[in-house]
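Colleague: Residue numbering for the sequence shown follows this note's numbering, beginning at 382 and increasing consecutively.
It cannot be assumed that every hint is accurate.
Derived DEER-like restraints, expressed as beta-carbon distance ranges [what the hints assert, rightly or not]:
| no. | residue 1 | residue 2 | range |
| --- | --- | --- | --- |
| 1 | 605 | 507 | 23 to 29 Å |
| 2 | 402 | 533 | 27 to 33 Å |
| 3 | 605 | 439 | 22 to 28 Å |
| 4 | 441 | 494 | 48 to 54 Å |
| 5 | 426 | 587 | 24 to 30 Å |
| 6 | 400 | 639 | 20 to 26 Å |
| 7 | 533 | 619 | 41 to 47 Å |
| 8 | 681 | 605 | 27 to 33 Å |
| 9 | 682 | 409 | 49 to 55 Å |
| 10 | 513 | 449 | 17 to 23 Å |
| 11 | 679 | 393 | 26 to 32 Å |
| 12 | 505 | 402 | 33 to 39 Å |
| 13 | 575 | 532 | 27 to 33 Å |
Rather than coming from a laboratory, the hints here were simulated on the basis of the structure. The beta carbon of each residue, even a glycine, is placed where N, CA and C say it ideally should be.
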Amino acid sequence: MALELRHLRYLIAVAGHGSFTRAAEELRISQPTLSQQIKQLERTVGAQLLDRTGRAVRLTGAGETYVHHARAALRELAAAERAVVDLADLSRGHLRLALTPTFTAYLTGPVVAALHAAHPGITLEVREAPQDRIEAGLLADEHDLGLGFYGTHLPGIAATPLFTETLGLVTATATGEGEGEPLPVPVRDLAGLRLALLSGDFATRGHIDAYLAAHGVRPHVAVEANSVQALTEIVRGTTLATVLPDAVTDDHPHLRPVPLEPAIPPRTVALLRRESAYESAAARAFAALTRSLVRARGYRPAGRDEGADGPRREPFAEPTS
């Protein structure tokens with residue numbers, strides 16, 4: 382019997398669910414048909430791929446090896462299909478972008494607007510996720526590009542530095558406040574402030590916590606929020622302080638930056654992708670527009686030595702048209 386793609390998808394579904402019944406429901410075929418197709422695949426391969434003796438269906442050793450390569454083959458086939466329909470003139474195309482949530486507050490809107498204005502035929506799918514899930518999604522071919530931070534990445538992830546992001550202490554702008562620059566606040570004084578911070582599943586919160594711990598400060602966190610937009614409204618309407626990217630503060634008329642001594646260490650924003658993945662014209666256009674936007678906005682360029690603990694790669698190629 383000739384091997385067909387449906388056999389790979391059927392095996393992967395059963396392995397994922399650990400059940401013929403649930404896999405059949407997902408695939409919308411009968412359970413006897415699914416069982417028959419898997420047996421045909423096992424005869425073709427010449428090895429037992431599933432252990433059916435327990436309460437849950439499990440992969441055998443041969444099955445684990447086969448599913449690993451089957452998933453890789455299906456990812457490459459999907460990339461090949463996208464490459465065939467990809468047009469270099471950018472009259473149409475599709476881009477799957479994943480990003481960490483803090484970028485939504487100051488970067489996503491402008492760069493999406495620039496992409497739509499320059500290439501209205503490109504459709505865009507945007508998802509917010511923690512960086513570890515973004516990198517896992519890139520490796521699984523669920524995303525084309527990611528926006529995250531330079532550092533230690535999963536094997537197979539390539540990172541291209543974009544710019545350096547700085548963070549600072551932020552309070553509400555007081556009514557009638559003068560034009561003078563606020564005096565720097567020693568980091569130890571943060572222990573006496575009531576803070577509103579992002580929740581612990583944000584990379585930004587981890588960065589802030591590491592900074593405070595390095596200086597022996599135990600903060601009084603009065604509010605935790607899961608979005609930058611919520612934080613800005615909370616701080617605007619209360620006496621609480623927060624820590625935000627300077628790019629967010631600069632764009633918000635009701636927020637006031639307060640310098641810290643010493644300053645919070647900067648971090649490098651990077652474009653993320655899967656190594657050796659097909660780079661569509663839409664992905665190259667997005668990368669070029671993002672670089673142009675961060676230059677136009679005056680964001681601090683990423684230094685050559687920043688992010689030295691992560692893999693480096695050359696910038697994305699410019700689109701050909």
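Colleague: List in ascending order the numbers of the hints, as given earlier, that are violated by the structure.
Modeller: Violated hints (numbers, rising): 2, 3, 5, 6, 7, 11; every other hint is consistent with the structure.
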